[in-house]
Structure formats: structure tokens, C-alpha cells
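What follows is the residue order along each chain.
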Amino acid sequence: MFRRLLLARLADLAMVIFGVSVIVFLMIRLIPGDAVAIMLGANTEVTPERMAELRARVGLDQPMLTQYLRWAGAALRGDFGTSLWTGRPVAAEILTHVWPTLELTLLALFFGAGLAIPVGCLMAQTRGKGADVAMRVAAIAGLTIPSFWLGIVLILLLAMLAPTFPSLGYVPFGQDPIGNIQRMLLPAFALGLPILANLSRLVRSAMLDALGQDYIRTARAKGASEGLVVYKHALRNALIPYITSVGIMTGYLLGGAIVVEQVFAIPGLGRLILGAIAERNYPLIQATLLVVTVGFVLVNFVVDLLYGLIDPRVRG
Amino acid sequence: MLKKLLSTTILASGLALSAGASAQTLEIAVPQSPAGLDPHIITAFASFEVVNGTIYEGLTALDKDLKVVPGLAESWTVAPDGKTVTFKLRQNVVFHDGSPMTAEDVAATVRRVQSKDIASPLATRLAAVENVVVKDPHTVEFQLKEPSAPLLSSLSTLAMVPKSMETNKEALQKAPVGTGPFKFQEWQPNGFILLTKHDKYWQQGLPKLAGLKFNIVPESATRQVGLTSGQYALVPNADPATALQLKGKPGVKLVETLELAYTLVGMNTSKPPFDNPKVREAVNYALNRGEIVQAALYGAGVPGGPLSPALKEWAVDLAQYPCYKPDAAKAQALLKEAGVATPVAVTMSVLPRQDIKDIAQVVQEQLNKAGFKVELKNQELGQFVQDWRNSNFDLFASTNAGSADPDDYFYRTFRTGGSTNVFKYSNPKVDQLLDTARSSLDQGARKKAYEEVQKELACQGPVAHLAYGTLFSAARQNLQGYDILANRQLSTLKNASVGQ
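Chain order of the listed sequences is A and B. Using my numbering, read the first sequence as starting at 1 and increasing by one per residue. Using my numbering, read the second sequence as starting at 1 and increasing by one per residue.
Since the hints were derived computationally from the structure, they do not count as laboratory data. Quick caveat, the model's predicted, so the values are computed rather than measured. Where hints are given, some of them may not hold.
[What the hints assert, rightly or not] Label pairs and their in silico Cβ distance ranges:
| hint | chain 1 | residue 1 | chain 2 | residue 2 | range |
| --- | --- | --- | --- | --- | --- |
| 1 | A | 304 | B | 248 | 14 to 20 angstroms |
| 2 | A | 62 | B | 347 | 33 to 39 angstroms |
| 3 | B | 345 | A | 143 | 52 to 58 angstroms |
| 4 | B | 208 | A | 177 | 50 to 56 angstroms |
| 5 | A | 57 | B | 347 | 31 to 37 angstroms |
| 6 | B | 203 | A | 143 | 54 to 60 angstroms |
| 7 | B | 373 | A | 181 | 44 to 50 angstroms |
[Unchecked claim] One-sided and incomplete, this derived list gives chain A residues near chain B with beta-carbon spacing under 10 angstroms:
| hint | residue |
| --- | --- |
| 8 | 35 |
| 9 | 49 |
| 10 | 83 |
| 11 | 88 |
| 12 | 91 |
| 13 | 93 |
| 14 | 141 |
| 15 | 142 |
| 16 | 144 |
| 17 | 145 |
| 18 | 146 |
| 19 | 148 |
| 20 | 264 |
| 21 | 265 |
| 22 | 279 |
[As the list claims (entries may be wrong)] Below, simulated SDA-like cross-link-like pairs (lysine to any residue); rule was C-alpha separation at most 20 angstroms, straight line:
| hint | chain 1 | residue 1 | chain 2 | residue 2 |
| --- | --- | --- | --- | --- |
| 23 | B | 116 | A | 49 |
| 24 | B | 67 | B | 257 |
| 25 | B | 116 | A | 291 |
Every residue gets a Cβ at the ideal spot worked out from N, C-alpha and C, and that includes glycine.
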């Protein structure tokens, strides 16, 4: 059964990647603006002949189909080509940028999704009371505050309270673990807060649903402790929608990461994509978007597997 | 737990900070990651800012007033016919790769820029150079097709590279090698670019800093906070909005100068209505430049004509341009004389940059009051550049970097068929003046020719020059020896040091 699921998923993945590669390839070439003109910028002295030379230098003078086949063929062999103007290998470029984003996304997920379970349960247990109302108001606030604004406010606050605390930029964990964590705290918080708000509301309503079921009454009747009732019997059933949401949100986190990376000056995938689009760095955009797509599909695959772990019915 | 983590990390960072202060690597915050660092290929300011005057130097250099002074060449002589310039090179210049700089490197650098394969946008600046002859290891002769007055100024921006790089298209984009006070160390794309002190720099005792670290910080608010909190020591070439918010913050100082760069409204002279000089003149009368400076540049700038007032030697006093006195009635009268139907409906493409968008709105309002009906077209950068290049516009609002020698800007922009004459402007009188001034080596004659060019262009030219902004750099109080230059180069950082 597991092997069938895996094979089906892999086939899906191949189709998605092919589809995305074609769409991305066409889409970025449909954006108005010529890569060579943009590279040269406004007000540079260049004759049309020079522009043609530059275009030929990076292979943009070829017909589009030729360009696609060349690129796809090389990509199948694991060669994503080189960045348009720097000549840096695209794969290396992505590799250096993927870690900050991965770390940021995981920390934000850990913070947001991790805290959402206890907070959501607490809200369900104290339903209608002061604590529940306060947390629900806070959750709405958390949902509506945009990450970039929160990020800037956090930076400003920290600059006032602890001016020497290094909150900007990025240092690899291997190079300086403390410095790495210090710089990741605020962005992970800014990115994770909307997740926490969203998921805790979801957990709350799922829990309320579960707590109203007959088997909960039965569990209580047989004398199970309240903690056992909530965290074992009810929670397990409430988790299915939660896990689906976490899967989807991991995708959205990547989008949020673009903004947060921008505010906190973190050299991640989001910044890489933004920069690549601005300069029409076609090979770089193509490969980066493929990597993000694969990541998204993989996360959904893991989510499917998790269903099986939590709900025996899915396994059958 | 979190509190404890915070307090220990604050302590640890305090220690790290004091260790950093003794090493004195200057933390600089810049908004954009460069696309490459090869001085002969790059065109973006984000790239120039990192390499020019820091990693790279030219045979000549510009001083604070943008006058040509010796650089890697200690002296030069121009033959009486103006067609041969002989440079005497300094003896003690060493490239970052350890090789000494000789006349061979100079010749290779010129060949590199002129080569088709490298396709350098700087090639046109060396158009007059026919041949470079190595006389001895430290003497090099430039043989010219015709005398070229702007050559010496152009050579200040021609970065000297080792001869081993002559045909290499890629190495310098990633790891530049020059003769400047700082050498390239590490580049973490979108993260930072680290330069360290060049120990064998030819100027004794310089640079004083251990290095420069260009942190890429895209968000303006983040750069501000980073500077006020001391994480960054310098935010160079900041826009007025950012700079004015940093004014008076404790520990922060502002340095300012008048820019060479200017804002402009460009007009397409190849089609109605702006093919008519009277309509162009009407635009100039309709504009109120003082109001533009106040409303869009936060008062940080001055109205200006075809040349920056920063170029004291060249610029004509604005009082000499009658059309610089705002007069909407006169503008309408001119439109009537021109015989165009009013209101004159035109579109204006706008460079996607906040200050230009602000300026465009003020300009729109001013022109609409004087018989025009301007529609603003906000475009994405790529599209804007493409339309600009293809002369696909009625009007556009933009900015341009300006240069130290008038020839650099005027010739390519206003000469018939000039490489950036996207207005398709053609004026035989201007052409003739520009040709004369280019090949004349008599400073007085050049000055006179350019004065006439400016007067010819100011009211009826294809460009309504608007304003020259004030350029700011914001720095920590204890940064000493750094001076801001009108051409935005950071070359004075070699004199900089961090005090207590």
C-alpha cells in the first residue's frame, strides 16, 4: 500500500514539475522588459550591435523552443546552468540561499504550529470565559497584522530596548550558533505569529467539535482524567484538519518569508527569487521556482503520510 | 528561559561588538545586491558603489571638486597636436593578486574594454583611442584618432585590471582584482560583500580601516534602525527621505553634498507635439522647479539646468534662462503660437522610483495648469527601460547620473545620432558646438562652447532639467575621514577610521 502511494506521488511530482517548468519558462519570458536592456539599465551608452552581442553571449538570441529544450535537457542531467550575468552556477546559488529560508520556515513553523496545539486546547477548554475571549481577540490581531509591519516594529522596539542586540542579517549556524539564533528570533516570531493565530483558532473549533462527541462522554463516564480526555481522545481526532492546514501553510510560509527576509536583510530564497525576477535572470528564476515547487509537493506528500499515522481509517 | 537566553546573547553580542571595534571593519548598509563586479561590464549603481575607488582605480582620479588629478599615473604630457598622450606610471603599484602594475596592464585593460567579446559599455568612452603603445614598463602612450578633451576625465572611471584578465569574461564578475585600497575577500550573494585592506597599497599608511563590509539591506527602515542601533556604521548615498529621518538621532551624523545626478522630463522630438520647439519651451515655462524641490524632494535639492551647479567650472547661472521663471500664461501663449490644439493630451512614462513618482505628480499638475493634459504611465522598470531605449514615449520622468566632464553627458545625449539620444533630437548648431568642444584642448574655448550648448538646450532642448538633489550619507558620529563625493564614489573611505 505504501509503495503504491509512493509511486503515485512520484508520478504526480514528475507531472507537476514538467507543468511548472513549461509555465515558468513561458511566463517569465512574457513579462515585458528585455533581459539585456535591464542589465544595461537606463542611460547607458550602448549601440544596438553591442546589445545583440550581449544577447548572443547568454544565448537569448535563440528561438524560445530551442532555449527550452536546451535548458530542460541540461536540467534533466542535473545541470541547472549558470546565472545570466555572474556565471555563477545556479545550483550553488540556490544552495547558499536555501538554508536561511529553510531555517526561518522551520523555526516559524515550530513556534507557530507547535504553540497552536496547547493554545487551541486551552481556548477550547475555557470556551466563553475571559481567557478564551482574550486569546481569540489576540488571535484576530495576530492574523491581521502583516508580517513586514510587525518585523519593522520589532526591530525598532529591540533597537530601543537592547541596542546592541544583533537582529539584522544572517550568519550561518555552523559559523556562529549564538549569533545565528539571535538573528533568527525576531524574524521567526514575525513569520510564525500569523500561523499561531490561524492554527490555534482552527484547533479550538476542531476541539470543540470533538469534545461534543459521544465517545468523549463515554471516556469521561469511565472516569478518565480531564487531561487524558482532552489530549488523548479529543486531540487526536481534532488533528486531521490541523495537519492539512500545516501542510498548506508551509507553502505560504515561503511567500511570507520573502517579505520577512526583505525586512530583516536575510539572504534567503525569497530574496534570490525577487532579485532574479527584477533582473530577468531566467535560468535562476526557472531553477529556484522548480525547487520551491518540489518542496511544496514533498510537504504535501509528508502530510498525506501523516494522515495515515494519525487516522487508521486512511491506512486501510 | 527566553529572558535568560536574551540576556546571555546580549552579553555575548556585547563582547563580540567590542572585539569588532578593534579590528575596524566598517559595516556599511546598501540597498541592493550587485549583479556582478567586473568593472568593465557592470552598469548598475549597486555594482559601481562597491568597486569604484575602493577595489579599482584609474590612471587619473577626480578630487573632491571633481577636477582631474593624478591616479595610477603620476603625470602625463599631451603632444602639441593633441593626438598623443603619454602617461608616466607610478612605480609602486601592486595588484591584489600580488603582481606589480606595469604599462602592459594598461594596454591590456584598454584592449579589454575595446574588445567585442567583452562587449563593455565603456567602449564608447575610449572611442578616440586608436592604439596604446608600451614605451617602457612604466611609460605608456595613448595614440588618438583625434584630440579628445574628455579623455583624462574618462580615464578616472576606467578601472585598471591585471593583463591576465584581458580575455576573461567571468572571473572578475565574481572576484574582482584591482589596485585599490581594499581587496575583494568574500561575497555572500544577497548577504554581504567583504573587502579587506590591501597591504601593498601604493599610498603609504592607507587605508586605515581593516576592511569594508557591504551588508545588503533592502528595506530602508531596516537600514535606519541598523544605523541608529550601531549595527551599521555607514549608510552611504541615502535618499533624502531616509536621511532626514535620521537627522538628529543620537550617535548619527549626516554628510551632504550637491549631486551630479539630476531629475528630468524627457520629450520625444520625433513626433508631435514635442517636435515643435515652442511646445518644448512651453513645458519649461509651465514648470515650477522650486515647487518641485519643495514638494517632491523635501527641500533637499536645488533647481538646475543642463549641468549640475556642482560643476562650478561649467554650469551657466539659471538666471540666464528666461524660461526658468515659471509663467503658465506664457506657456499657454507659446502653445497657441505653436498652433497645437489645447489641452495638449500626452502621456508621461514614469521611472519606478519613489522620488521620481512624486516628481511626476507635481509635474503633471503644473503642466495641466498650463494647457497640457498629462496622463501618467507607471511602469515596471524593465518595461520603462525598453520604452526608453526604443523612443516609445511622449514624455518621460526619470533621473540620470551625470558626469564630471560635460562631453560625457552632452555628446551621447544631444548629438544627432548619439547613443543615448532617445529623444531623436537633432540640432546642427548643437552638433557643431559639441564636436568643437570635444576636440579642442583649449579650456577657455571649451567653456564658451558648452555655455552656448547649455543656453541652446535649456529652453528648447529635448530635456527639461528639473533639479539636482542633495546627496546624503548617514554615518555613526565616530566615523572620521570619510567625505561624500558628488559622483557617489566611496573612494574617500581609504582615509576613514573609526574613533572612540
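A quick look at each hint next to the structure:
no.: 1; hint: A/304 x B/248: 14 to 20 angstroms; verdict: violated, 58 angstroms
no.: 2; hint: A/62 x B/347: 33 to 39 angstroms; verdict: holds, 34 angstroms
no.: 3; hint: B/345 x A/143: 52 to 58 angstroms; verdict: violated, 46 angstroms
no.: 4; hint: B/208 x A/177: 50 to 56 angstroms; verdict: violated, 33 angstroms
no.: 5; hint: A/57 x B/347: 31 to 37 angstroms; verdict: holds, 34 angstroms
no.: 6; hint: B/203 x A/143: 54 to 60 angstroms; verdict: holds, 58 angstroms
no.: 7; hint: B/373 x A/181: 44 to 50 angstroms; verdict: violated, 58 angstroms
no.: 8; hint: 35; verdict: holds, 8 angstroms
no.: 9; hint: 49; verdict: holds, 9 angstroms
no.: 10; hint: 83; verdict: holds, 9 angstroms
no.: 11; hint: 88; verdict: holds, 6 angstroms
no.: 12; hint: 91; verdict: violated, 13 angstroms
no.: 13; hint: 93; verdict: holds, 6 angstroms
no.: 14; hint: 141; verdict: violated, 20 angstroms
no.: 15; hint: 142; verdict: violated, 18 angstroms
no.: 16; hint: 144; verdict: violated, 20 angstroms
no.: 17; hint: 145; verdict: violated, 16 angstroms
no.: 18; hint: 146; verdict: violated, 13 angstroms
no.: 19; hint: 148; verdict: holds, 8 angstroms
no.: 20; hint: 264; verdict: holds, 7 angstroms
no.: 21; hint: 265; verdict: holds, 4 angstroms
no.: 22; hint: 279; verdict: holds, 6 angstroms
no.: 23; hint: B/116 x A/49; verdict: holds, 10 angstroms
no.: 24; hint: B/67 x B/257; verdict: holds, 16 angstroms
no.: 25; hint: B/116 x A/291; verdict: violated, 36 angstroms
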